[in-house]
Amino acid sequence: MSGKPRLTYFNGRGRMEPVRWLLAAAGVEFEEIFLETREQYEKLIKDGVLMFQQVPLVEIDGMKMVQTRAILSYIAGKYNLYGKDLKERALIDMYVEGISDLMQMILMFPFSPPEAKEKNLDSIKERATNRYFPVFEKVLKQHGQEFLVGNKFSWADVQLIEAILAVEEKIPAVLSGFPQLQAFKVRMSNMPTIKKFLQPGSPRKPPPDERYIETVLKILK
Amino acid sequence: MAGKPKLHYFNGRGRMEPIRWLLAAAGVEFEECFMETKDDLIKLQKDGSLLFQQVPMVEIDGMKMVQTRAILSYIAAKYNLYGKNLKERALIDMYVEAMMDLNELLMSHPFQPADKKEQHFANMVDKATNRYFPVFEKVLKDHRQDFLVGNQFSRADVLLLEILLMAEECKPDILAKFPLLQSFKARISNIPTIKKFLQPGSQRKPPTEEKDVPKVLKIFY
Numbered sequence: 001m002s003g004k005p006r007l008t009y010f011n012g013r014g015r016m017e018p019v020r021w022l023l024a025a026a027g028v029e030f031e032e033i034f035l036e037t038r039e040q041y042e043k044l045i046k047d048g049v050l051m052f053q054q055v056p057l058v059e060i061d062g063m064k065m066v067q068t069r070a071i072l073s074y075i076a077g078k079y080n081l082y083g084k085d086l087k088e089r090a091l092i093d094m095y096v097e098g099i100s101d102l103m104q105m106i107l108m109f110p111f112s113p114p115e116a117k118e119k120n121l122d123s124i125k126e127r128a129t130n131r132y133f134p135v136f137e138k139v140l141k142q143h144g145q146e147f148l149v150g151n152k153f154s155w156a157d158v159q160l161i162e163a164i165l166a167v168e169e170k171i172p173a174v175l176s177g178f179p180q181l182q183a184f185k186v187r188m189s190n191m192p193t194i195k196k197f198l199q200p201g202s203p204r205k206p207p208p209d210e211r212y213i214e215t216v217l218k219i220l221k
Numbered sequence: 222m223a224g225k226p227k228l229h230y231f232n233g234r235g236r237m238e239p240i241r242w243l244l245a246a247a248g249v250e251f252e253e254c255f256m257e258t259k260d261d262l263i264k265l266q267k268d269g270s271l272l273f274q275q276v277p278m279v280e281i282d283g284m285k286m287v288q289t290r291a292i293l294s295y296i297a298a299k300y301n302l303y304g305k306n307l308k309e310r311a312l313i314d315m316y317v318e319a320m321m322d323l324n325e326l327l328m329s330h331p332f333q334p335a336d337k338k339e340q341h342f343a344n345m346v347d348k349a350t351n352r353y354f355p356v357f358e359k360v361l362k363d364h365r366q367d368f369l370v371g372n373q374f375s376r377a378d379v380l381l382l383e384i385l386l387m388a389e390e391c392k393p394d395i396l397a398k399f400p401l402l403q404s405f406k407a408r409i410s411n412i413p414t415i416k417k418f419l420q421p422g423s424q425r426k427p428p429t430e431e432k433d434v435p436k437v438l439k440i441f442y
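Read top to bottom, the protein sequences are chains A and B.
Numbered per the numbering used here, the first sequence spans residues 1 to 221.
Numbered per the numbering used here, the second sequence spans residues 222 to 442.
Among these hints, one or two may not hold up.
List of simulated lysine-lysine pairs, DSS-like, C-alpha gap at most 30 Å [what the hints assert, rightly or not]:
#1 Lys-87/A with Lys-348/B
#2 Lys-348/B with Lys-337/B
#3 Lys-308/B with Lys-138/A
#4 Lys-439/B with Lys-426/B
#5 Lys-285/B with Lys-64/A
#6 Lys-138/A with Lys-170/A
#7 Lys-119/A with Lys-436/B
#8 Lys-119/A with Lys-439/B
#9 Lys-259/B with Lys-117/A
#10 Lys-308/B with Lys-259/B
Cβ-Cβ distance ranges computed for the label pairs, FRET-style [what the hints assert, rightly or not]:
#11 Leu-165/A with Glu-325/B: 26 to 32 Å
#12 Leu-165/A with Asp-394/B: 34 to 40 Å
#13 Arg-131/A with Asn-306/B: 32 to 38 Å
#14 Phe-441/B with Ala-173/A: 29 to 35 Å
#15 Asp-322/B with Lys-46/A: 18 to 24 Å
#16 Glu-210/A with Lys-305/B: 27 to 33 Å
#17 Lys-78/A with Pro-334/B: 40 to 46 Å
#18 Cys-254/B with Gly-48/A: 43 to 49 Å
#19 Ala-173/A with Gln-420/B: 55 to 61 Å
#20 Leu-121/A with Phe-441/B: 20 to 26 Å
#21 Asn-306/B with Pro-172/A: 22 to 28 Å
#22 Pro-413/B with Ser-176/A: 53 to 59 Å
The set of hints was computed from the structure by calculation and includes no laboratory data.
For glycine and all other residues, C-beta sits at the position ideal for the given N, C-alpha and C.
Bound-form chain A, shown alone (with noise of 0.2 Å):
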């Protein structure tokens, strides 16, 4: 047992990637087990080992944790992301939520049926554009600070370079009427944890393609 956090999940982003980019981020190494057939996903849960039969499961400090939020939560408490007190937990929550709801609509994406697509795709780019980036352009321009919350690199600041990144992923042009966030995002690039990180190689899982919406279809069923 090596002492290093396990992920278990498909070979692909999904659920696992936020938990990736903030181990990461916090500099932490970790393993992870591929699931690649409905079979292994049965066996885990005859083994009782995911506790309401789901993925993402991450085996760190003799828990097996289960649901996302529960799990990053933990990971951002226990390396000093989350903030000096009960209002920057608050605020960093508070931009947490925001940004993991415009991360659902990327993620449900590919799945979506393909006469849905340019609609959905369109949704994701208003959302973006219209809801969630002016809040952080904002926030960075009131207080002028490096980071989102307390003057200190959080969980907040992760949540965002990974939206960020995924969002230009659909819609190349979609920082620019965001100076700051453009600074931001550079800003975070450079920061040698997550320049690790972004280099090819990294635990950092690619797009989603077509075999990764087959191989979760056909293990989730």
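Got chain A sorted already, so can you dock chain B onto it with the hints?
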């Protein structure tokens, strides 16, 4: 200005109800401002009161908090309903996230289109009785304590009671196979603050009736 927390939502359960429950359980009095029409929502949006243009919104301790989970986490931590350390918090978070998944199913039931209602109901009952309730029945059986986590009253207990009661409203015999959940329900219902909340005249909201659904939808869509 300290003042009581002020809740902004429509006059119904929806996503605000767990917040009402948690404040009540903590013995915290609160005020409510009900949106009746779309104009009420637009006014809040135009005022800049809603960070992501959405409700729930709770004015508390000088903040205008949005995002249900952020609000619940803040209240839980402030009133010591979040466990005594990171690991208890992790357990509470896992349980709460699962309950929120089930709450999503229960809460959205009145809003399902007529042709989807039956299937939605069946799925709800299946998940409650096969995925979620067995876990909490087992937790209580394994440790034989009064509360779910750390032998201490927490937000997990509050949410579980709320969920159990809502599930019973949908299907009165839904707890038939879960004796420990039945005794949990009785026990937690008798906690003074909760007992008070369960009495007529409290701020607890009734289930949304079909006839009220169009009015609610008009506010948001």
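Are Leu-121/A and Phe-441/B spaced within 20 to 26 Å by their CB atoms? 23 Å Cβ-Cβ, so the 20 to 26 Å window holds.
Just tell me: holds or violated, for the beta carbon distance of Leu-165/A and Asp-394/B against 34 to 40 Å? violated (50 Å)
Do the alpha carbons of Lys-308/B and Lys-138/A lie within 30 Å of each other, as the hint requires? With Cα atoms ~35 Å apart, Lys-308/B and Lys-138/A exceed 30 Å; violated.
Can you tell me whether the CB distance of Leu-165/A to Glu-325/B sits inside 26 to 32 Å? With Cβ atoms ~28 Å apart, the hint holds.
Quick one, are Lys-308/B and Lys-259/B close enough, alpha carbons at most 30 Å? Given pair Lys-308/B, Lys-259/B is violated - Cα atoms ~43 Å apart, limit 30 Å.
Between Lys-259/B and Lys-117/A, is the straight-line Cα distance small enough, at 30 Å or below? holds (29 Å)
Taking 30 Å as the top limit, are the C-alpha atoms of Lys-119/A and Lys-439/B close enough? Judged against 30 Å, a Cα distance of about 22 Å means the pair holds.
Could you grab the alpha-carbon distance between Lys-87/A and Lys-348/B and see if it respects the 30 Å cut-off? violated (35 Å)
Is the hinted range of 55 to 61 Å satisfied by the C-beta distance from Ala-173/A to Gln-420/B? holds (57 Å)
Between Glu-210/A and Lys-305/B, does the beta-carbon spacing fit 27 to 33 Å? Violated, at about 48 Å.
Take a quick look at whether Lys-119/A and Lys-436/B sit within 30 Å of each other, Cα to Cα. Cα-Cα ~27 Å, so holds.
Between Arg-131/A and Asn-306/B, does the beta-carbon spacing fit 32 to 38 Å? Holds, since Arg-131/A and Asn-306/B (Cβ atoms, about 36 Å apart) stay within the stated range.
When the structure is compared with the earlier hints, violations turn up for hints 1, 3, 5, 10, 12, 16 and 21 and for no others.
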